[in-house]
Amino acid sequence: MNELVKRTLSQQIDGLKNGEFSAKELTQAYLTQIEEKEKDIGAYISIFPEQALAAAEAVDQKRAAGQPLALLAGIPAGIKDNICTRNIRTTCASKMLGEYVPPYDADVIERLKKNDYVLLGKLNMDEFAMGSSCENSAFHPTHNPADLTRVPGGSSGGSAAAVAAMEAAYSLGSDTGGSIRQPASFCGVVGMKPTYGSVSRYGLIAFASSLDQIGPLTRTVEDNAIVLNAISGHDKRDATSLARQTADFTADIGKGVKGLSIGIPKEFFAEGIAPEVKNAVLNAAGIFEKMGAQLHEVSMPSIPHALSAYYIISSAEASSNLARFDGIRYGYRAKDFDDITDLYLSSRSEGFGKEVKRRIMLGTFALSSGYYDAYYKKAQQVRSLVTADFNRVFESCDVILSPVAPTPAYKIGEKSADPLEMYMGDAYSVPVNIAGVPALSLPCGATETGLPIGCQLIGKVFSESLLYRVGAALENARKERM
Amino acid sequence: MQYYKGYEMVIGLEVHVELNTETKIFCSCPTTFGAAPNTHVCPVCMGLPGTLPVLNGKVVEYAVKAGLATNCQIAKYSKEDRKNYFYPDLPKAYQISQYDLPLCEHGWLEIETENGAKKIGITRIHIEEDAGKLVHDDEHGTMIDCNRCGVPLIEIVSEPDIRSAEEAEAYMRKLRATILYTGVSDCKMNEGSMRCDVNLSVRKVGETAFGTRTEMKNLNSFRFVVKAIEYEYKRQVEAIEKGETIVQETRRFDPDTGKTYTMRSKEDANDYRYFPDPDLPPIVLTREQIEAFRAEIPELPDARKAKYMQQYALSAYDSEQLTADRAMADWFEQVAGQTAYPKIAANMLISDILRMVDSESFSCPIAPDQMAKLCDLFGEDVINSSTAKKLLQRMFADGIDPEKTVREENLAQINDEAILEQEVRKAAAANPKSVADYKKGKTAAAKAIVGQVMKALGGRANPVKLGEITEKVLKES
Chain X
1 MNELVKRTLS
11 QQIDGLKNGE
21 FSAKELTQAY
31 LTQIEEKEKD
41 IGAYISIFPE
51 QALAAAEAVD
61 QKRAAGQPLA
71 LLAGIPAGIK
81 DNICTRNIRT
91 TCASKMLGEY
101 VPPYDADVIE
111 RLKKNDYVLL
121 GKLNMDEFAM
131 GSSCENSAFH
141 PTHNPADLTR
151 VPGGSSGGSA
161 AAVAAMEAAY
171 SLGSDTGGSI
181 RQPASFCGVV
191 GMKPTYGSVS
201 RYGLIAFASS
211 LDQIGPLTRT
221 VEDNAIVLNA
231 ISGHDKRDAT
241 SLARQTADFT
251 ADIGKGVKGL
261 SIGIPKEFFA
271 EGIAPEVKNA
281 VLNAAGIFEK
291 MGAQLHEVSM
301 PSIPHALSAY
311 YIISSAEASS
321 NLARFDGIRY
331 GYRAKDFDDI
341 TDLYLSSRSE
351 GFGKEVKRRI
361 MLGTFALSSG
371 YYDAYYKKAQ
381 QVRSLVTADF
391 NRVFESCDVI
401 LSPVAPTPAY
411 KIGEKSADPL
421 EMYMGDAYSV
431 PVNIAGVPAL
441 SLPCGATETG
451 LPIGCQLIGK
461 VFSESLLYRV
471 GAALENARKE
481 RM
Chain G
483 MQYYKGYEMV
493 IGLEVHVELN
503 TETKIFCSCP
513 TTFGAAPNTH
523 VCPVCMGLPG
533 TLPVLNGKVV
543 EYAVKAGLAT
553 NCQIAKYSKE
563 DRKNYFYPDL
573 PKAYQISQYD
583 LPLCEHGWLE
593 IETENGAKKI
603 GITRIHIEED
613 AGKLVHDDEH
623 GTMIDCNRCG
633 VPLIEIVSEP
643 DIRSAEEAEA
653 YMRKLRATIL
663 YTGVSDCKMN
673 EGSMRCDVNL
683 SVRKVGETAF
693 GTRTEMKNLN
703 SFRFVVKAIE
713 YEYKRQVEAI
723 EKGETIVQET
733 RRFDPDTGKT
743 YTMRSKEDAN
753 DYRYFPDPDL
763 PPIVLTREQI
773 EAFRAEIPEL
783 PDARKAKYMQ
793 QYALSAYDSE
803 QLTADRAMAD
813 WFEQVAGQTA
823 YPKIAANMLI
833 SDILRMVDSE
843 SFSCPIAPDQ
853 MAKLCDLFGE
863 DVINSSTAKK
873 LLQRMFADGI
883 DPEKTVREEN
893 LAQINDEAIL
903 EQEVRKAAAA
913 NPKSVADYKK
923 GKTAAAKAIV
933 GQVMKALGGR
943 ANPVKLGEIT
953 EKVLKES
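Those protein sequences? They're chains X and G, same order as listed.
Per the numbering used here, the first sequence starts with residue 1, numbered consecutively.
Per the numbering used here, the second sequence starts with residue 483, numbered consecutively.
Hints are computed from structural coordinates only; laboratory data are not their basis.
Ideal Cβ positions, reconstructed from N, Cα and C, are used throughout, including at glycine.
Don't take each hint at face value.
Only pairs whose alpha carbons sit at most 30 Å apart, straight line, appear in this in silico DSSO-like list of lysine-lysine [to be verified]: (1) X/LYS460 - X/LYS378; (2) X/LYS377 - G/LYS561; (3) G/LYS615 - X/LYS95.
Below, a sample of chain G positions facing chain X; criterion: calculated Cβ distance under 10 Å [to be verified]: (4) CYS628; (5) GLY819; (6) TYR823.
Let's have the full structure, built from the sequences with the hints guiding it.
Now the structure itself:
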């Protein structure tokens, strides 16, 4: 393995700055790594070697000419394939958009382009971000780099696996109910679901608009903060984008956790959690305590209801968001149809996978006349309760520590036959999206067999800097122990 | 046909009006009508995956102004909802509209018909986006033009207060006038920037419960609204008389046959699965913002109407007509301000000029000061009415100066009784048969004499005086 890909993002930034190696060499190192690893991992849907090398070369020329360069200039990245890239196929891992080429860039892509980023390729995912295992891709499944017989998590499975397998220096994923954090935890990398509204959704192909948020996946906490610096900020094209003070998210890293109060909600350690996961997270709590933080066991009674509310709200929004894929203007169109209704029915029946259709049915039902109050409205009421629970806990705690998922990565095929069991795996991650607060997923241990286990740090809105600070403290403490 | 077989009609109108903002409701594409297909489009209004709507603030301003002008209460908190249905002209497969919290509610307009004044309630006004247009073509089949996608609309829903086609037309005209005054739409029915859906049911006079209603969609002229109502009323009454039940359904009006036809019944109706659009935050307005919008609304038709009735002693009906179009009222006021005879100006405008101009948007080539001169000439008895009418036509067509023309062409009315009497006597002498007829009691025979004199004097005789003198001479002879 080329040494360059083993370096962290910040080490690569330094190396490029100091002239240790060129962006082209770095990009070539990743392309070689992709060539070696990709047949086993399957993290990418599309890979663009020539374009990546050309972009890297352009950065090298700029540097040689003494032009100012952004931190991320020349650093190769992978992008989840539900983020629109101009003139580059964006599939959402669906047959429906199998050949779809967007005519515009997502806001995050515009921002990365201003940073002279290098795009290695578009990453695999569960179709339309619906799933927790990356098995729902219309292209191929992605394998967990820690154990190839296991899933990488989902839906941003490709994004997590690519970073874990060093097939990209960093990646972007999207998180609607845990889709960044759970695969980060399964693959042993760092993933951030930022405050709702911090990163523009413009150009993110919507799954559930009130929950979706783009975020970075990286190998270290600091790297993650660097990428979030580059992709966040107000965007007037997204009416839910928040105007917040631009802060350097790396600023508080290194300040430690002394005096911080960490809440541990008992509802996140309920029945169904794997003992190894519980122990690893509680072990992390112990580390924080040793470093001078105060632990508080807290209760959030609404949490057990969050999962049902999430599946109703997200499916309802998805049923509407995905209605535009009708075979009329772009995307998959059935070959044979009798009339307009048949065109709709056949195109959608053939173009969407099973899980997507299941969610569309669920959401359509939940919004139907006569059922709206019992489902959608009720779910919104639960949403208010969950938000209130978080607000209450944050009156006395700076951050919340919890597991990301109740289990480590499971075998490919193990849960795919039972959607409900798959949904249960999202119980600890969805409350964060429901409340719109930020959460950082980072490694906190491993199973006996060496599978990564992650923990989740949840903060109040706009507390990303604090989460990075706390996460970096844990990361550092674990490094010192090893 | 006021109460056909003892049945009255109950009508509510849903009127869609395109707002004339420069840009679309959720993107910055232009809204201008008539561009080449799919040239006023962008990823947002095409509903491409990943795009998001951002509400154009002008749309809220314009809708609020329409609401204030129609006496609505303006919501300080409203929201936008998705109306989900599949149709090829709807790129997102949902229309962003407003469901349970519209921008404006509880308004009314007062209409004037020959039966007098009546208030028609306005249930609500909400904002929404227009859909695209399907273009059918033998060579290519059906194509989609997305230029209209995202053009801002307001939907104005009336209470079921309307009881006749005449009232429906009067309401439409009043609504159009009011909105034209606010300047938020050009309300061109022929370009589709104002269209009307009619909900109609019938019931026995005296009953209070509503009958089953049908809906007729997209009527794009006043005449079609009237025709569709008249036909549908008769159809429903006759069906009930035959013992049939009215089916709740959407019907299409065919202008060629003047009939309505079933489009889809209630069973086929969509469940639109309305829910709040998660891409758009709620619309919050402060009292100050609403008052600032109110301050920008000009004097409205009703205020002008009251002024005309008082200041110019015009009838309510004439005043209503004069104020139906802001440009017309403006022109009338300029004329009225420069003549001593505003009532003459009003009459000529209503009975003559309105026949010469485009009924959709008033524009008169006659300069107001010239028109005022004409009114003065007629009012001061310098010219008679037939000369005035002829001059008006020439002013409209060729822009002649009425005073100059009267002078140069010697068109002044002959008021000199001596001349008139002399001419009458001449005519009577030349037409003994008419004189004899008159004496036998055929008073109409006097007209023949009047006609002769008019002809002899080139139409310039004062008609009132001529009439009097003719009577006098005939009675004497």
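Checked hints:
1. Between the alpha carbons of X/LYS460 and X/LYS378 the distance comes to roughly 24 Å, so the proposed pair stays at or under 30 Å and holds.
2. Distance restraint check for X/LYS377 and G/LYS561: the Cα-Cα separation of roughly 15 Å lies within the 30 Å cut-off, and the hinted pair is therefore satisfied.
3. For the hint linking G/LYS615 to X/LYS95, the alpha-carbon distance of about 28 Å falls within 30 Å, and the restraint holds.
4. Hint status for G/CYS628: holds, given a least beta-carbon distance of 9 Å to chain X, under 10 Å.
5. With 10 Å as the threshold, the beta carbon of G/GLY819 stays out of range of chain X, its nearest partner Cβ sitting at about 48 Å, so the hint is violated.
6. Hint on G/TYR823 is violated. Least Cβ distance to chain X is approximately 57 Å, over the 10 Å limit.
Violated hints, listed in ascending order, are 5 and 6; each of the other numbered hints is respected by the structure.
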